[in-house]
Amino acid sequence: MIAIVGVGETAPTRRSEKDIRALTVEAALSALEDAGLAPSDVDGIVTDAGIMPTTVPHEWMAAQLGIDAHFSAALSYGGTGIVAAPLLAEMAIRQGLAEVVLFYFGVDWGSRPGGPYAFHHIYPAKMTFEKPYGFSGQPSYFALWARRYMHEYGLQEEDLGRIAVAQRENALRHGGGQVSTPLELPDYFNSRMISDPLRAADCCLITDGAGAYIMTSMERARDCRKKPVEVRGVGYASEPITGDDIFTQKSDLLRLPGVARATSQALRAADITLNDVDFAEIYDCFTISCLMQIEDLGFCGKGEAAAFIREKGISINGGLPVNTHGGFLSYSYRLGIEHVVEAVRQLRGEAGEAQLADPKLGIVTGLSVPDYGLLVLGA
Amino acid sequence: MQPEFERFFDAVRGSRLAFPYCTACGRYHWYPMKRCPHCRSNDIEWRPVSGRGQLYSWTVVRHPFDPALAEALPYVVALVEFPDAPGIRLVSNLVDIDLDRLHIGMAVEPVYPDTASNEPVVRFRPITQG
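Chains as they are written, first to last, in my numbering: chain F, 467 to 845; chain D, 187 to 316.
Just chain D, with the same shape it has in the complex (with noise of 0.2 Å):
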């Protein structure tokens, strides 16, 4: 792995989502990068963020691109933006679904692996109303 990449993944083994954030333009980027992509800087720091998203886009993957993943379909990809971190849009998957009720701007949440797992992987559900 990249090692721009890890401090993510530490992040979601503490169950928390963080990306990373340049201290000298005051802007998010996203995939991580060797310096700021926007300024170059290399005052990079990963900044936590309540996790609380909108979706700006899905799919319902029914083919099996991944043949690891045959089982699994059909299963939701999600593209999340998160209103605290301007500028990053997290690919995952949306659980916990139904596949009629899916819209753009649907209020998601993470859902975060359980600590016996090893799978450093953070997916997403609907925020229910109430």
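Chain F with its partners taken away, still in its complex shape (with noise of 0.2 Å):
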């Protein structure tokens, strides 16, 4: 069993002074002093496997920060690879590789060129059979599955807007996020319209940050700062379809992969069920993507999600809170990096005026198609 001992996060902005790799050192630094460790203290750095390489190198970040490192993996790409990372640190440290790894990420999405769009020209069959129809931007991708889950399950705006209005009513308690303009539901009718159906209220923010955590063994972690945050279970799974088809051409649209598998690995590591979660810190890029989220992890059964929003609540309040800070649609998207700091801090109860009474167990997905994580956090 590890632990978070560590967690930091640059304030969430939509376009920073500092560039990316300023961000994300600032981040570990923030990570490592909330641990009480030093750099020195570091052997071992995990991150995802698509963006970090590219942008934050793991030698780059061993050398700025001095760390002697034993261990260097890495994971997926964005959402998934945040949140599965701690398998890689857990097999390192078993296996003695590691005793302190360091987990960094970070986006310069609101500052550099084409934002996240860009990010999708990685993907050639898009490029060439879709980018000349207009069809580029993740809303637009989001809009299909959208439509179509309209058309099938009778979802109305309104079950979208729910979604948008809880997590704004969750970031304004919180107070940290990007947006601070309430929002009910009027306010998301009025919302700009993107690409129908989803509005500018729909979508997630574009941000300029980094965060980062800290893993160790339970037995070290009871040395550091703070309570540690104990990794109760880790799922990871992905399915063969290309990030070119998965917004098209899966045989069941609605149904995200991978999300079944990775959710029975980790409850079955944690030893829990559903029903034992005090709160889910959920991969928001869209309200349509964390709706079919609450129903394919099994909150409810498919089609019902609506229902169970509606009838339940997902704000602070509700009976399964998502998204205590705000989530992407309103604290920040830096893919899910403020989702697992913000588990840590709920399970530590250092969440402020967004704390939930005394919760024991969270989960933080990641969303990356076609892979998918899920991360257990027990206090």
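Quick caveat, the hints were computed from the structure, so don't treat them as lab data. The structure presented is a predicted model; accordingly, all values stated were derived computationally and were not measured. Just so you know, not all the hints are guaranteed correct.
Within a straight-line C-alpha distance of at most 27 Å, the following computed DSS-like cross-link-like pairs (lysine-lysine) qualify [unchecked claim]:
| # | chain 1 | residue 1 | chain 2 | residue 2 |
| --- | --- | --- | --- | --- |
| 1 | F | 768 | F | 778 |
| 2 | F | 716 | F | 778 |
| 3 | F | 693 | F | 826 |
| 4 | F | 716 | F | 597 |
| 5 | F | 597 | D | 220 |
| 6 | D | 220 | F | 716 |
Combine the two chains into a complex, taking the hints into account.
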């Protein structure tokens, strides 16, 4: 068993004066400070395998911080890598390859030309068969899913609106996010249509920023500054479909790949069921993907997420608090590192105005199609 | 361009639609792959289809994700299925359409570029009754 003993993040902002390497170093140092550890204590580095290797590589971080690393590994890209990284850290720690493992992640999609849209230029079929028709930009991909979902399950626009409203409510209570204006359902309906049925309020923010967390054995964790947060279980799964195909060709377009297997793997490792979970930090790149995960994770049946959200409530006061900091929709969009940071703070009782009443177990999900990751954390 | 993509554009230049079909397992796949993703066979041929299809999903794009298309906004991105090529969904645009009449399942037919055009794009329009 390993623990997360330190978390750090830069202040979320649309455009930062600092570049991605400066932001990522700042987050890593902040996580080490939080753990009461020095950079020289770190002997292992784990990141996602898609974004960090080309922007803030391990060897650069090691040289900048003075880390004599014995272990360096990477998994998936973006969201899945961010939440499934403890799988690699746990392997390294258990095998004696490393004692203290640093995970870091940052994006500069607020200031980088092309922003998040340019990321999809890595897919040759998308560039060849889709871009000429103006099908580029993630909101359009998820809009096709949302439209089809409406057709199959009778989803209404206000069902999506309720997610945006709940997360804004959480973000305003938290107070540290990128957005500070209230959002109620009428405001949701006034939000600019981007790619219908998705409005601006259905889409994640765009952020420059970074975050980091530190992992070590439970034994060593007891000597750290803060109460350790246990990694109870990690799930990672992928399906045999390419990033080119996932938004249009998957035979069951409305079921997210990997979720069922990653979830059962993580819950089995943690020896819990979803009923035991006090909160969920869900990869909410869009309202529709948050909604689909609520049912694909198993909180309710397929097609039932809208009723679940309406009846149970997903704000901090709700039956299943989701994205207690406001999520990508209202806090920041750093592909999930902020979700891990927030989950750790909740379990430590450090979440300020957004604090839940004594939570014991939380999950964090990572979506980077066709990969999926699920992290179970315990107080 | 990936070499396995080229046959699609050859067909469109001839005002036809064709998709990769595996003669070993009898299934279509999309997008084109090096081998059949269902059975790994190399026995892939491109089969012509009628082009008549149905709208599987759609969105009206209103934001200039691609600055080059800012003047074209709003436009309809369509995901089209073909009864004679099961398992394929083609991304395209829907033209000659009243936005209020868009609906899933709508019958559509291809609109090929005129022969003077060297732009190998195929768009779709509703099949009008009668």
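Verification of the hints:
Using a Cα cut-off of 27 Å, the hinted pair residue 768(F) and residue 778(F) holds, with the two alpha carbons roughly 16 Å apart. Under the criterion of a C-alpha separation no larger than 27 Å, the hint pairing residue 716(F) with residue 778(F) is inconsistent with the structure, at around 30 Å. Simply put, residue 693(F) and residue 826(F) have alpha-carbon atoms about 13 Å apart, close enough for the 27 Å limit, and the pair holds. For a cut-off of 27 Å, the pair hint linking residue 716(F) to residue 597(F) stands: about 19 Å separates their Cα positions.
Distance restraint check for residue 597(F) and residue 220(D): the Cα-Cα separation of roughly 21 Å lies within the 27 Å cut-off, and the hinted pair is therefore satisfied. Our distance criterion of 27 Å between C-alpha atoms is met by residue 220(D) and residue 716(F), whose separation comes to about 18 Å.
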